[in-house]
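These protein sequence lines are chains A and B, in that order.
Quick note: the first sequence uses this note's numbering, first residue 1, plus one each step.
Quick note: the second sequence uses this note's numbering, first residue 1, plus one each step.
Hints may be right or wrong, so weigh each one.
A partial selection of chain B residues facing chain A, derived with a Cβ cut-off under 7 Å [unchecked claim]:
1) I13
2) W43
3) N51
4) A76
5) G77
6) V89
7) M134
8) I139
9) S141
10) I149
11) F154
12) S171
With a straight-line Cα cutoff of 30 Å, these simulated DSS-like cross-link-like pairs (lysine-lysine) come out [stated by the list, open to error]:
13) K102(A) / K101(B)
14) K168(A) / K42(B)
15) K6(B) / K168(A)
16) K102(A) / K140(B)
17) K140(B) / K42(B)
18) K133(B) / K102(A)
19) K140(B) / K166(A)
20) K100(A) / K3(B)
21) K107(B) / K168(A)
22) K140(B) / K107(B)
23) K107(B) / K133(B)
24) K34(A) / K140(B)
25) K6(B) / K69(A)
26) K107(B) / K69(A)
27) K166(A) / K42(B)
28) K6(B) / K133(B)
29) K34(A) / K101(B)
30) K166(A) / K101(B)
31) K42(B) / K142(B)
32) K133(B) / K42(B)
33) K107(B) / K102(A)
34) K100(A) / K101(B)
35) K101(B) / K168(A)
36) K107(B) / K166(A)
37) K100(A) / K107(B)
38) K102(A) / K3(B)
39) K101(B) / K69(A)
40) K42(B) / K100(A)
Rather than coming from a laboratory, the hints here were simulated on the basis of the structure.
Where is the CB? At the ideal position from N, CA and C, for every residue including glycine.
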Amino acid sequence: MIYLEIFWSFFQIGLFSIGGGYAALPLIENQVTKVHDWLTMAEFADLLTISQMTPGPIALNASTFVGTKVAGLPGAVIATVGCITPSCIIVLILAYFYFKYKNLSSIQGILKGLRPAVVSLIASAGLSILLLAMFNEETTLNNIQLLDINIPSIIMVALGLFILRKYKTDPILVMIGTGLVGIIIYGIF
Amino acid sequence: MEKNLKFYWTLFISTFSLSAFTIGGGYVIVPLMRKKFVEELKWIDEEEMLNLVAICQSAPGPIAVNTSIMVGYRLAGLFGALLTTIGTVLPPLIIITIIAKFYTAFKENTIVNALLLGMRAGVAAVILDVIIKMTDNIIKSKNLISLAIMIVAFIAAVIIDVNAALIIVLSGAFGGFYYNYFKKAGGTE
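The following block holds chain B by itself, in its conformation from the complex:
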């Protein structure tokens, strides 16, 4: 892709609008970033996006900020990271500064509450769409180990409530061990 003014503007406005319209924090923004950069813009492929998200999960700090920095850096180096970070940080800064001034009125406003309640359904639909596609990709890869990791990690996260960072570390360690030693030693494929 050509790195002209339009490219940098798209990079900035993509992260800005995702941060501005996404209620529900980091885990909602990350799937939407995937949708934007992998599916719509096709600037990053699916595998690489998941790698980047995994790395960001194991770093401290707000996950949406981490992923923005990573995606920006991947696409346009340090300047790209700066652009995407500013894009992610600006909306909360603007919105909360305004709301902090009259938050009781905001909290009790029926129209605002109705709008937010409705938007929640939209957010859920978008997330569901992304999850279906990602799960489908893993199933289509026909790799039983990947499928098993996915199922075990899901159970660990949802039912046992294991910390996300721990799940990342364990699955990475397992992958490193399995694909580098076990398979080389006498596995098939």
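Next comes chain A alone, as it looks inside the complex:
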């Protein structure tokens, strides 16, 4: 039964991808190209490109892409549901305990230690996005090349930041705005 197989594969991907985002990639690759012959390696590479170009969490993009390809729209829905089922169960259990015990002083201590670490994790992910916007595709901290610097993009980042801080604009408007400017700068010239 193909639907059951799809569900089970993506259930495992959801269950074992700890740390989010790119941690799920090797698991997806294993399930859809090795355990099952759902995608060729070239198609898997296409999936990565599309995931990077489209909004939404990468694991969900992969679920829909593979599900559609193997069993149409029902396949896409089942893969997506499979992927988020472990999250739903585990997060709801954690949520239940958190709201029940969050006022205990021992839990407060743990949370007090956690919060600055979370800020750093968000900042470190933000840094890679910033580098991607300022330079080009493969830039990481280890291979910055000043020649690859993307000046229009840096100006847009600075301007966007200024508008956000000064006028408290809706972030989605800023993103759409820079997208439209992008069409003018990169698409027409």
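Take the given structure of chain A and dock chain B to it, following the hints.
Below, chain B without anything else, positioned relative to chain A:
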């Protein structure tokens, strides 16, 4: 806040639009959710949001889905969690289903590429804005331990490339130990 139809609609449409417009996966959506629910709607305070994100980081699965479930549950129980989960899952499901049908054309379209390249700058600006505010909050708290945890976690994440889940577990363990035993035993404050 009053839990009327408008409240549930705002809850749903907030997660839906964040998922629909945010390129770059989980770590981009999480700061934006913070901006939406903490700064704009003021439904959750900063400390609690960081607690929720920390808990979601230590659970498996796509981080954006986890955080949606958590925020939905916090604001409106199980029904809230259902609404925010559907809100997060729908955009990738719709967008990828369409794109999967003609992805070669999509991949090579100049206008689409220019739009996405531009949007990347907008995303970077929004993330930068959020990071500045969060870091500022930690610095303003004048808690040297928090500041130290933040710096060490940032170095661990960016330079040593330590897994996010491990950073969460270690900083939580440190916080639990430090605030519950060390400080009680003879610390100041």
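For each hint, the structure was consulted:
With a cut of 7 Å, the hint placing I13(B) at the interface with chain A is violated, because the nearest CB-to-CB distance is about 11 Å. Checking W43(B) against chain A by beta carbon gives a least distance of about 15 Å; that is not within 7 Å, so the hint is violated. Given hint, N51(B) at the interface with chain A, holds; its Cβ is 5 Å from that chain's nearest Cβ, closer than 7 Å. Against a cut-off of 7 Å between C-beta atoms, the interface hint on A76(B) is violated, since the closest Cβ of chain A lies about 12 Å away.
Given the 7 Å rule on beta carbons, the hint for G77(B) is violated: about 10 Å separates it from the nearest Cβ of chain A. A distance limit of 7 Å between C-beta atoms decides the matter here; for V89(B) the minimum to chain A is near 6 Å, and the interface restraint holds. Below 7 Å, beta-carbon pairs count as interface contacts, and M134(B) has one with chain A at about 5 Å; its hint therefore holds. For I139(B), the interface hint is violated, the least distance from its beta-carbon to any beta-carbon of chain A being 10 Å, above 7 Å.
With 7 Å as the threshold, the beta carbon of S141(B) stays out of range of chain A, its nearest partner Cβ sitting at about 9 Å, so the hint is violated. Given hint, I149(B) at the interface with chain A, holds; its Cβ is 4 Å from that chain's nearest Cβ, closer than 7 Å. Restraint check, F154(B) versus chain A: the minimum CB separation of about 4 Å is within 7 Å; hint holds. Below 7 Å, beta-carbon pairs count as interface contacts, and S171(B) has one with chain A at about 4 Å; its hint therefore holds.
A hinted pair counts as satisfied when its Cα atoms are at most 30 Å apart, and K102(A) with K101(B) does not qualify at roughly 47 Å. The suggested pairing of K168(A) with K42(B) holds, with an alpha-carbon distance near 14 Å, which does not exceed 30 Å. Taking the CA atoms of K6(B) and K168(A), the gap is near 23 Å; set against the 30 Å cutoff, the hint holds. Proposed proximity of K102(A) and K140(B) is supported: the alpha carbons are some 24 Å apart, at most 30 Å.
This hinted pair checks out: K140(B) and K42(B) have alpha carbons roughly 20 Å apart, not beyond 30 Å. Restraint check for K133(B) and K102(A): satisfied, since their Cα atoms lie roughly 25 Å apart, inside the 30 Å limit. This hinted pair checks out: K140(B) and K166(A) have alpha carbons roughly 20 Å apart, not beyond 30 Å. For the proposed pair K100(A) and K3(B), the alpha carbon gap of about 22 Å is at most 30 Å, so the pair holds.
At roughly 34 Å between alpha-carbon atoms, K107(B) and K168(A) are farther apart than 30 Å, so this suggested pair is violated. For the suggested pair K140(B) and K107(B), the alpha carbons sit about 45 Å apart, so the restraint of at most 30 Å is broken. For the proposed pair K107(B) and K133(B), the alpha carbon gap of about 36 Å is over 30 Å, so the pair is violated. For a cut-off of 30 Å, the pair hint linking K34(A) to K140(B) is broken: about 51 Å separates their Cα positions.
Between the alpha carbons of K6(B) and K69(A) the distance comes to roughly 37 Å, so the proposed pair goes past 30 Å and is violated. Between K107(B) and K69(A) the alpha-carbon distance is near 17 Å, which keeps this suggested pair within the 30 Å criterion. With a C-alpha separation of about 19 Å, the suggested pair K166(A) and K42(B) falls inside the 30 Å cut-off, and the hint holds. With a C-alpha separation of about 29 Å, the suggested pairing of K6(B) with K133(B) holds against the 30 Å cut-off.
Of the pairs offered as hints, the one joining K34(A) and K101(B) holds, with about 23 Å between alpha carbons and a cut-off of 30 Å not exceeded. Using a Cα cut-off of 30 Å, the hinted pair K166(A) and K101(B) is violated, with the two alpha carbons roughly 42 Å apart. Taking the CA atoms of K42(B) and K142(B), the gap is about 24 Å. The hint holds against a cut of 30 Å. The hinted pair formed by K133(B) and K42(B) meets the criterion: a straight-line CA distance of about 15 Å does not exceed 30 Å.
Of the supplied pair hints, the one linking K107(B) and K102(A) is violated, its CA atoms being roughly 47 Å apart against a limit of 30 Å. Distance restraint check for K100(A) and K101(B): the Cα-Cα separation of roughly 47 Å exceeds the 30 Å cut-off, and the hinted pair is therefore not satisfied. With a C-alpha separation of about 38 Å, the suggested pair K101(B) and K168(A) falls outside the 30 Å cut-off, and the hint is violated. Using a Cα cut-off of 30 Å, the hinted pair K107(B) and K166(A) is violated, with the two alpha carbons roughly 36 Å apart.
Distance hint between K100(A) and K107(B) is unfulfilled; the C-alpha atoms sit about 48 Å from each other, more than 30 Å. Straight-line distance between C-alpha atoms of K102(A) and K3(B) comes to about 24 Å, which keeps the hinted pair within the 30 Å bound. A distance of roughly 9 Å separates the Cα atoms of K101(B) and K69(A); the hinted pair therefore holds under the 30 Å criterion. Restraint check for K42(B) and K100(A): satisfied, since their Cα atoms lie roughly 22 Å apart, inside the 30 Å limit.
Hint check: violations occur at hints 1, 2, 4, 5, 8, 9, 13, 21, 22, 23, 24, 25, 30, 33, 34, 35, 36, 37; the rest are consistent with the structure.
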